Amino acid sequence: MNTAVGSAAEVPGSHPAPVAPTFEELFHERYEPMMRVAFLLVGSRAEAEDVVQDAFARMNLRWSRIDNPSAYLHRCVVNRANDLLRRRRVEQRVWWLHRHETSELDADEIGDALAALPPARRAAVVLRYYAGLSEQEIAEALDVRPGTVKSMLHRAMAELKRVIER
Amino acid sequence: MSTSSVEERLQRLVEDFTAPATTTAYRAIERRTRVLRRRRRVGVATAAGVVGVVVAVAAAVVLRDDPSPERTVEVDPVRPPVDETGMPALTLDLDGWEVTAATEELDIVLLGFDGLPPPPPDPDPDEAVQVFHPPDELMPSVYVSHTPVRGTIGQQMFDTPVTIRGVDGLGWEDFGEVALTWNPHGGNTTVWLRARGLDFDQVVDFANGLEPRDADIASPPGPDERFGFETTELPAGMIEDPLAAERPTSFDRRTVTLSNGTDFVRITVDDEGQRAFYEYLTGVIADTWSTVTVVDRPATLFTRTYGWIPGSPVSIEDDGMAELNWLHTTTAKVRVEISSHDEDQVEAIAGGLRQLSEAEWNDLLASAPPTTTTTAMTFPP
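So the protein lines, in turn, are chains A and B.
Just so you know, the first sequence maps onto residues 1 to 166 in this note's numbering.
Just so you know, the second sequence maps onto residues 1 to 381 in this note's numbering.
Hints listed in this document are in silico derivations from the structure and should not be mistaken for laboratory results.
Don't take each hint at face value.
[Said to hold, decoys possible] In silico lysine to any residue, SDA-like type, Cα no more than 25 Å apart, as pairs: (1) K150/A to S5/B; (2) K150/A to E8/B; (3) K161/A to S5/B; (4) K150/A to E140/A.
[Stated by the list, open to error] Which residues of chain B face chain A? A partial, calculated answer using Cβ under 10 Å: (5) L10; (6) R12; (7) L13; (8) V14; (9) R32; (10) R34; (11) T181; (12) W192; (13) A359.
Predicted, not measured: the structure shown is a model, and the values here were computed from it.
Ideal placement from N, C-alpha and C gives every residue a C-beta, glycine not left out.
Let the hints inform the model, and build the full structure from the sequences given.
Rendered as structure tokens:
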């Protein structure tokens, strides 16, 4: 019997890597990458943390019933991020102003352009071009058909290009 | 702009962003898991006799005291009376209360965030869902889901190891709800069982009495292998309530809102079906549960108050609501939300609910706008 989130005495980490990862192992492997995806989606560390921890908690709750944890995580993170973006749609462009001063100009441009995209297209771009997911995997994460993903990416790229070249 | 350029720029956006998988983050996830779990499972059957009801605890005590708790299941399933008008509508006839709004929404479709219909939340064509409760009450109740295995069972704090028909499993009890999970069929399938109004031992006995419909199920399951359980014997007084096939892809809804100047009552009727009804009840968070009779039908009454998780700084906010739920017909479910916990008021409201004729409903719609004809609801994750 595998252990999901265990007792308070357990300290995550230092497990040998079995064929099927435990919840702890997946946490160590995927937490930071998912934080980066969430950060690109919501633009705030605190909110990214909220989104990702919520996704892991939901996955933990259903751990024994999930056959593809990575896909489940992506779907949860995207859904929670979109929830959050819906709530603060008005503010969605503000976050980029607070980025580190060390950011390069290019990064600011793409960040602005990314923030201007509708949430679903933004998620498609981040999952495709940052997380490296296939169109099929993105379709599963976004609950849309693969053909829709293709269309979303095409439109998103066109919008990114338009914003950056403006 | 090329795709490689996008990739590079996105990488640069987060190249200085670090978020290591720390123990602190892990503990935060642990806490959230417990909150989510309680939100899905909290419910206490209390002896607070509201509305002159038969309380679930009393039913549990009856079962506990029964010297021969196992007996042959009754044949006739629970079926609420079918309303010939199809979609019913209800109102509240009570002095001081006036209708403030009445709406009718047709063909409601749950939509994904991108405006497209989502797949079922948990698509699994093999899943068998079974519900058990007494013929004339909704509690004690047991909800059983049987699916192909999707992983191993993860033990968490406070879980209790159990053995169900020789198979190791886990159980837990949160505020009166007992839940069990185990992987029968040599680990090829998974069972989730939730019960209200029964104690832990009774639920384990109940689970041990479930005879699989198919003794052998492969992983993945073969086309002729059947999920679910035969229910030839159940605890005294309980029967299986056969569920209608599946949730509809769209449904209609009639809503009436009333106010007495201080509190409000919202009566929502929809034809989303039996399965949606029981799934809703299994996911409700509340701190008191009881069974009542409303409009001659068995109903549940629960109240939502302050929730607190022992040993945790996490709390669940009080929304101060009482809620009645029942199946009015084979497809129509009713939810009555009351913005008060006051027992006398809740009792009066439960007694004042009345079904409207279609003519009355049409008059109400005409006199209490707004009315809509089509609605799309965004489906949350």
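Each hint, compared with the structure:
1. K150/A to S5/B: holds (18 Å)
2. K150/A to E8/B: With a Cα-Cα distance of about 20 Å, the restraint between K150/A and E8/B holds, given a limit of 25 Å.
3. K161/A to S5/B: Cα-Cα ~11 Å, so holds.
4. K150/A to E140/A: holds (13 Å)
5. L10: At 4 Å from the nearest chain A Cβ, L10/B passes the 10 Å test, so the hint holds.
6. R12: Since chain A brings a Cβ to about 5 Å from R12/B, closer than 10 Å, the hint holds.
7. L13: Where the cut-off is 10 Å and the nearest Cβ of chain A is about 5 Å from L13/B, the hint holds.
8. V14: holds (4 Å)
9. R32: Check passed: Cβ of R32/B comes within 4 Å of chain A, closer than 10 Å.
10. R34: holds (8 Å)
11. T181: Cβ of T181/B sits 7 Å from chain A, so the hint holds.
12. W192: Hint on W192/B: holds, closest Cβ of chain A at ~8 Å, below 10 Å.
13. A359: violated (41 Å)
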